[in-house]
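Enquirer: Below are the chains, spelled out letter by letter.
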Amino acid sequence: MSRERYELQLAGALGEHPQSLHLDCSTASLIASGHIELLWHTKTLCESNGASLDLDNPSIGLLRVLALLDLADQFIPGGKREEESATNRPTVVCLPVAEYEDQFEPTLEAVTAATWKFKVYLESLPLADLLRFELATVFYEVTNNIREHGMPPQDSVIRCDIRWGANEAVLEFSDFGKAYDPSRSEQILAAARTGAKRQRGYGLVLIRRLADSMTYRRTPDGQNILTLLKRWETAQ
Amino acid sequence: MSIFEMQKDVLQDSVVRIRTGKVLDNSNAHHMLEGLQCATVEGHRYVILNMADLEFLSSAGVGAILSSVDAYREKGGDIILCCVSPTVRHIFKVLDVADYLTFKDTEAEAIADCRCS
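In order, the protein sequences belong to chains A and B.
The working numbering puts the last residue of the first sequence at 239; the count rises by one with no breaks.
The working numbering puts the last residue of the second sequence at 280; the count rises by one with no breaks.
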């Protein structure tokens, strides 16, 4: 859910003048810094509307972040919640899943800038350094491959949409360039194993090996959609 | 120095050091390739590739290095990568080429390797 949609949902919920707003946190398993800002924003709006804010189903990750930031008391107060009566039914809003969206021109400069922007964003997520490096590498290699080999029209954009789970990310890249064959990487890998050291072609190999799965489809209107899944172990 | 800029120095008769910037990607991989090709044409047998500052390595950078190694080894030399961070080295491992390349932890060890050969 985008921030815009969340704000609309929140405004709608508060428009009902509830005594308490329940924020369903069950889908927000990966907590980004934006979530904390969102929580404060929600709490402030609730208080200005005379409503209390209750977090429903907060994940362990969210509880940990709140504790680390000394915010647990602000959002998860001790003491019992008042019994809800028929006239005091909780109003529920869902805390949005962390998402990342971007779109940029299919030029080397724009791809490089977009990768750097993504790297900065990754710094805000509770991820291991190596994982951040791998994700940034995948981002760069995919978008650069699209630019270089797909050659999308200059007046089009490369788009990426990333949705985060607790231990996985789904990265979707779309463009209107030429259709391509992601399985080509296996031929390059096979050549590499025989000792033939090529100068080019390692990008697709990197993508295939760093992502846990990859699916490609081409839509009837000529859009390439590459979807990658990246999983990782929970940090100890 | 720009994050894409590289520095090239001649350390001794047959040894050139190339120090990468923070980034070796499609923007500057061709400069790396040119630098490596020039060094062997100039008669240098070794290139020490100091990656102490390198924070991001793309497949283009890997390709520039990989495609140049044989030219040095045929002359009895090598391209020696030193001061490579674990994350950057991880890329070589993912591509199954880490065993093919020569890595040294420090520049001093890389220079010593050239002298021994």
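To be clear, the hints were calculated from the coordinates, so they are not data collected in a lab.
Just so you know, even glycine gets a beta-carbon here, dropped at the ideal spot from N, CA and C.
Hints are supplied without guarantee of correctness; some may be wrong.
If you want a taste of the chain B side facing chain A, the calculated C-beta under 8 Å gives, among others [claimed, not checked]: (1) L174; (2) S190; (3) H193; (4) H194; (5) M195; (6) E197; (7) Q200; (8) V204; (9) T250; (10) H253; (11) I254; (12) A261.
Here are some chain A residues the structure puts well away from chain B; computed CB gaps all over 12 Å [stated by the list, open to error]: (13) S55; (14) T115; (15) K122; (16) T140; (17) E144; (18) Q157; (19) W167; (20) F179; (21) Y205.
Enquirer: Against each hint, give a clear statement of whether it holds in the structure.
Expert: We went through each hint and held it up to the structure:
1. L174: 25 Å, violated
2. S190: Hint on S190(B): holds, closest Cβ of chain A at ~6 Å, below 8 Å.
3. H193: 10 Å, violated
4. H194: Nearest chain A Cβ about 14 Å off; hint violated.
5. M195: 11 Å, violated
6. E197: 12 Å, violated
7. Q200: Status violated, d = 11 Å.
8. V204: At about 17 Å, which exceeds the 8 Å cut-off, the nearest Cβ of chain A leaves the hint on V204(B) violated.
9. T250: 4 Å, holds
10. H253: The hint holds - H253(B) has a Cβ within 8 Å of chain A, the shortest such distance being about 6 Å.
11. I254: For I254(B), the interface hint holds, since the closest Cβ of chain A sits about 7 Å away, which is under 8 Å.
12. A261: 12 Å, violated
13. S55: Label holds. Min Cβ-Cβ 45 Å, cutoff 12 Å.
14. T115: At about 6 Å from chain B, T115(A) fails to clear the 12 Å cut-off, so the statement is violated.
15. K122: At roughly 8 Å from the nearest Cβ of chain B, K122(A) sits no farther out than 12 Å, so the non-interface label is violated.
16. T140: Since the minimum Cβ distance to chain B is about 7 Å, T140(A) lies within 12 Å and the statement is violated.
17. E144: 6 Å, violated
18. Q157: Consistent with the label, Q157(A) stays out of reach of chain B, its closest Cβ about 17 Å off (over 12 Å).
19. W167: 21 Å, holds
20. F179: The assertion about F179(A) holds, with a minimum of 21 Å to chain B.
21. Y205: 4 Å, violated
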